[in-house]
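J.: So the protein lines, in turn, are chains E and U. Residue numbers for the first sequence follow numbering that gives the first Met the number 0, beginning at 0 and rising by one. Residue numbers for the second sequence follow numbering that gives the first Met the number 0, beginning at 0 and rising by one.
Keep in mind that the hints were calculated from the coordinates and are not lab data. Hints may be right or wrong, so weigh each one.
[Unchecked claim] Listed next, the in silico SDA-like pairs over lysine to any residue satisfying Cα-Cα at most 25 Å (straight line):
no. : chain 1 : residue 1 : chain 2 : residue 2
1   : E       : Lys377    : U       : Thr197
2   : E       : Lys464    : U       : Thr197
3   : E       : Lys377    : U       : Asn186
4   : E       : Lys272    : E       : Val400
5   : U       : Lys27     : E       : Leu380
6   : E       : Lys377    : U       : Lys86
7   : E       : Lys342    : E       : Arg408
8   : U       : Lys86     : E       : Asn469
9   : E       : Lys377    : U       : Lys65
10  : U       : Lys21     : E       : Trp378
11  : E       : Lys58     : U       : Asn186
12  : U       : Lys86     : E       : Asp291
13  : E       : Lys377    : U       : Asn194
14  : U       : Lys266    : E       : Ala76
15  : E       : Lys377    : U       : Pro190
16  : U       : Lys86     : E       : Gly48
17  : U       : Lys21     : E       : Ile54
18  : E       : Lys405    : U       : Asp195
19  : U       : Lys65     : E       : Thr372
20  : U       : Lys27     : E       : Val400
21  : U       : Lys21     : E       : Gly48
22  : E       : Lys377    : U       : Cys19
23  : U       : Lys27     : E       : Asn221
24  : E       : Lys342    : E       : Phe414
25  : E       : Lys388    : U       : Val201
26  : U       : Lys21     : E       : Tyr244
27  : U       : Lys27     : E       : Thr371
28  : U       : Lys27     : E       : Gln376
29  : U       : Lys21     : E       : Asp291
30  : U       : Lys21     : E       : Val374
31  : U       : Lys86     : E       : Phe485
32  : U       : Lys21     : E       : Glu383
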Amino acid sequence: MKKFIALLLLAPAFWLTAEAQVTDYLQRVQVHGSFQVDGQFYFPDEALGINDSLINGHKIGLNGFGNISFSIGKFSAGFRYEAMLEPIAGFDPNLYGSGFPYVWATYTDDRFSITVGSFYEQFGNGLVLRSYEEWALGYDNSLNGISVMYEPIKGLIFTGVYGTQRYFSLGHEGLIRGIDGELNFNDMFSAMAESKLRLILGGSAVSKYQADGNQLYQLPENVASFAGRANIGYGKFNFTTEYAYKINDPSAINNYIYKPGEAFIASLSYSTKGLGIYAQFKRTDNFSYKSDRDVTVNALDISYLPPINESHTYSLAAMYPYATQPNGEIGFQFQINYKVPKKSKIGGKYGMGIAINYSQINDIERQQVNDTTYVNQKWTLGYESDFFKFSKHVFYRDLSVEIDKKFNRKWKGIFKYMYQSYDIATIEGHPGEPVINSNIGIADITYKFTPRKSLRFEIQGLWTKEDMGNWTALLLEYTISPHWFFSATDQWNYGNPNTNERIHYLSASFGYTRKATRVQFTYGRTREGIVCVGGVCRQVPASSGLSFSITTNF
Amino acid sequence: MKIIKILSIIFALSLFVQSCDKIQPPYKDGDGIDCEVGNQNVLIEDYTGHTCVNCPGAAETAHEIKELCEERVVIIAVHAGYFAEPKPSGDFTYDFRTEAGNEWNNFFDIVSNPNGVVNRLNENGNYVLSPGQWTETSTELLAQNTAVNIEIENNFDNNSLTTKVTADFINDLDGNYNLIVCITEDNIVKPQKNNDITIGDVPEIIDYHHMHVLRTAINGAWGQSFISGNVLIGESISKTYTQSFDGTDWVAENCNVVAFIYNAEDKSVLQVKEAKVIE
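Can you make the complete structure from the sequences, with help from the hints?
T.: Shown next as structure tokens:
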């Protein structure tokens, strides 16, 4: 009885201690999040060939997500909720649905980290493994399983992954396992800590498993790939390279050939005050690597083949974007950025920026493996190819010259000229259509009324005899920073050989930003086209209507 | 701790030693399949288009599967969607599209070609299979048994087809099933875009032989109710339809009747059969 009374007397003390601990814990919890909702209301538009029967009741598209993460000390966890009800036109219909496709928990110690659930990972340049998410494409190949990172000694990091990949809103069984090691000599050896020479070496191995259910042909159930990489810096120079090899991996993308795949990328850069020079070379040969050999859509990629052409943001410059050709390409890129000094004859009071970029991507050379087998014939070894030989077939060529000039405190402008050669037959799968050679001119001029109010005027022209002919684009954008912007644009296909298709794509937008929240509304037409991010592309159908976007984070 | 590290490295390396399946020629699997096992026939709906460059390759894949167990594999080439649209001029003015094909294309959510549906099976609501997946699904199905066999009797007279479809039950069955009866046509010689040199000219085969082309669904895109409730082993159900060929460019000698019974709820095909219009 005495014990019971003693316990009763002590209970409030325990309660207070426990409450204090909980309060202390809660104070240490950090919560972060981001949200985005993109929506589109579709209207009929006879000029674009959009009528009620085409819309067929699908009047609204909605893509939204919320990312929430919690952390306390060495532990963190989070989830991502997505709702695509239904997906905006141009996104894969398999994204339809709502739920939690990304849920994770991580424990991180000084030299050790483990994640269970969903995670993104990249080994080196991503040639043998890159899982990532790109909202603009509706692309997410996140892994679901276990990821472990271990740093036994400073400068040496091992990463291991094991899991399945996300496949839209559907489940998938393809299994991926990978290991990566990276050695940073400057971190590992104190004698090199301050050295001008910077050296990082790395290597990875990845394997995928998919059962062979084909009764007609033998298919490899386990397909492994290996990569080695180096990053060498000395003073103002930097050199990075990676080579990857993949064993036989017959797939729908490569027409079910058994040839091993290879990928090689190298870049050299020099950077000093006012001058930057960058050169890059890439060769890929039969290097599509997906966790499902039969999938051809933008999903389940294990490898990532980085693009080596300039990424364009102006609308007409981005009209014919290059999509990486995983079955084989060889190309290079040069870029020079030069800042003409202030108070020089050409630079004037504020200086002037000049950027020149040239990139070219060809097909690789392919020879028959024997006299009785066609090049790339299904269910054969496919072909042979010399490593450094360029085919005469040019996929893409792009020369751009850009001048960035501030004239005075009120006026500044960007002027750009581009020549582009685009093999639409290969890149968009329209065989027989001629290569599109185009000249593009852009002037982007900004006038500042006050430090917070400015008007931007953009005029672009694209001249070509091929495809849809000439285009022009105009944009007026009035900004009241930091909160408001209003804009009106028109893209006009005035040179379309079919006079009925000389359509104006008019649209008007406004947006409001407050702290970390941004809201934008756009009303008007969107032209049919292709959106690419990092060489991965999706088709956007023509549409007409009202769209909005809301983003916020905390 | 060191032992754990060493063991971890050995474990990781052993994973990769086992993770390489290098296949040596010949790549063809000699085993094939036993067509005498199972009575479940397979319906491959090849959603295609005459301006789709990869579609001749898919048609060849379907044909390879048909060669495995000839009459037990039925193909319907459904021309629908963007790549099936006729062009206002040039080589691709012919309109292969059909009302039923368009409706199926929308229902099964076929957004790109080539793609297909095999026995209208769905996984988590997804019916679409890429051509590379047809073989595995088809061979699995061919080994299975189903409760019904179909017989088709055709009579073509005065440019009109009369077709009698009979379902013979070899097992009891319960549920709601519909019957669809279609006409397909072989050897329609029209241009087709192509990117496979092993099949024909690239980028266009002018005299491509279009096979198994859907011409019409005689009793509507979703057919008519055929089984409702319980049917016992040994029973038979028959339906007869007529279809005039007047006003069409169909060549009766090249045409087939395809009849299939499917589950009205999930659309999965219970059984399928094909017979020439004129034997």
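J.: For each hint, tell me whether it holds in the structure or not.
T.: Each hint tested on the structure:
1. Of the pairs offered as hints, the one joining E/Lys377 and U/Thr197 holds, with about 8 Å between alpha carbons and a cut-off of 25 Å not exceeded.
2. Pair hint E/Lys464 plus U/Thr197 does not hold up; C-alpha atoms about 33 Å apart against a cutoff of 25 Å.
3. A threshold of 25 Å between alpha carbons decides the hint, and for E/Lys377 with U/Asn186 the separation of about 24 Å falls inside it, so the pair holds.
4. Our distance criterion of 25 Å between C-alpha atoms is met by E/Lys272 and E/Val400, whose separation comes to about 20 Å.
5. Using a Cα cut-off of 25 Å, the hinted pair U/Lys27 and E/Leu380 holds, with the two alpha carbons roughly 12 Å apart.
6. The straight-line distance between the Cα atoms of E/Lys377 and U/Lys86 is roughly 30 Å, outside the 25 Å bound, and the hint therefore fails.
7. At roughly 15 Å between alpha-carbon atoms, E/Lys342 and E/Arg408 fall within 25 Å of each other, so this suggested pair holds.
8. At roughly 22 Å between alpha-carbon atoms, U/Lys86 and E/Asn469 fall within 25 Å of each other, so this suggested pair holds.
9. Distance restraint check for E/Lys377 and U/Lys65: the Cα-Cα separation of roughly 18 Å lies within the 25 Å cut-off, and the hinted pair is therefore satisfied.
10. In summary, the hint linking U/Lys21 to E/Trp378 is supported, as the alpha carbons are separated by about 14 Å, within the 25 Å threshold.
11. Taken as a hint, the E/Lys58 and U/Asn186 pair is broken in the structure, with Cα atoms around 41 Å apart against an allowance of 25 Å.
12. As the CA atoms of U/Lys86 and E/Asp291 are separated by approximately 35 Å, the hinted pair breaks the 25 Å bound.
13. A C-alpha spacing of about 12 Å is found between E/Lys377 and U/Asn194, which places the hinted pair at or below 25 Å, so the restraint holds.
14. With a CA separation close to 41 Å, the supplied pair U/Lys266 and E/Ala76 exceeds the 25 Å bound.
15. Only pairs whose Cα atoms come within 25 Å are accepted, and E/Lys377 paired with U/Pro190 is accepted, the gap being roughly 22 Å.
16. About 15 Å separates the Cα atoms of U/Lys86 and E/Gly48, which keeps this hinted pair within 25 Å; it holds.
17. Proposed proximity of U/Lys21 and E/Ile54 is contradicted: the alpha carbons are some 49 Å apart, above 25 Å.
18. For the hint linking E/Lys405 to U/Asp195, the alpha-carbon distance of about 54 Å lies beyond 25 Å, and the restraint is violated.
19. Proposed proximity of U/Lys65 and E/Thr372 is supported: the alpha carbons are some 24 Å apart, at most 25 Å.
20. For the given pair, U/Lys27 sits about 53 Å from E/Val400 by alpha-carbon distance, which is inconsistent with the 25 Å threshold.
21. As the CA atoms of U/Lys21 and E/Gly48 are separated by approximately 51 Å, the hinted pair breaks the 25 Å bound.
22. Between the alpha carbons of E/Lys377 and U/Cys19 the distance comes to roughly 21 Å, so the proposed pair stays at or under 25 Å and holds.
23. Among the hinted pairs, U/Lys27 with E/Asn221 is consistent with the structure: their alpha-carbon atoms are about 18 Å apart, no more than 25 Å.
24. Proposed proximity of E/Lys342 and E/Phe414 is supported: the alpha carbons are some 20 Å apart, at most 25 Å.
25. Of the supplied pair hints, the one linking E/Lys388 and U/Val201 holds, its CA atoms being roughly 24 Å apart against a limit of 25 Å.
26. With a CA separation close to 13 Å, the supplied pair U/Lys21 and E/Tyr244 stays within the 25 Å bound.
27. About 16 Å separates the Cα atoms of U/Lys27 and E/Thr371, which keeps this hinted pair within 25 Å; it holds.
28. About 14 Å separates the Cα atoms of U/Lys27 and E/Gln376, which keeps this hinted pair within 25 Å; it holds.
29. Among the hinted pairs, U/Lys21 with E/Asp291 is consistent with the structure: their alpha-carbon atoms are about 17 Å apart, no more than 25 Å.
30. The hinted pair formed by U/Lys21 and E/Val374 meets the criterion: a straight-line CA distance of about 21 Å does not exceed 25 Å.
31. Restraint check: the Cα-Cα separation between U/Lys86 and E/Phe485 comes to about 41 Å, which exceeds 25 Å; the hinted pair is violated.
32. A C-alpha spacing of about 18 Å is found between U/Lys21 and E/Glu383, which places the hinted pair at or below 25 Å, so the restraint holds.
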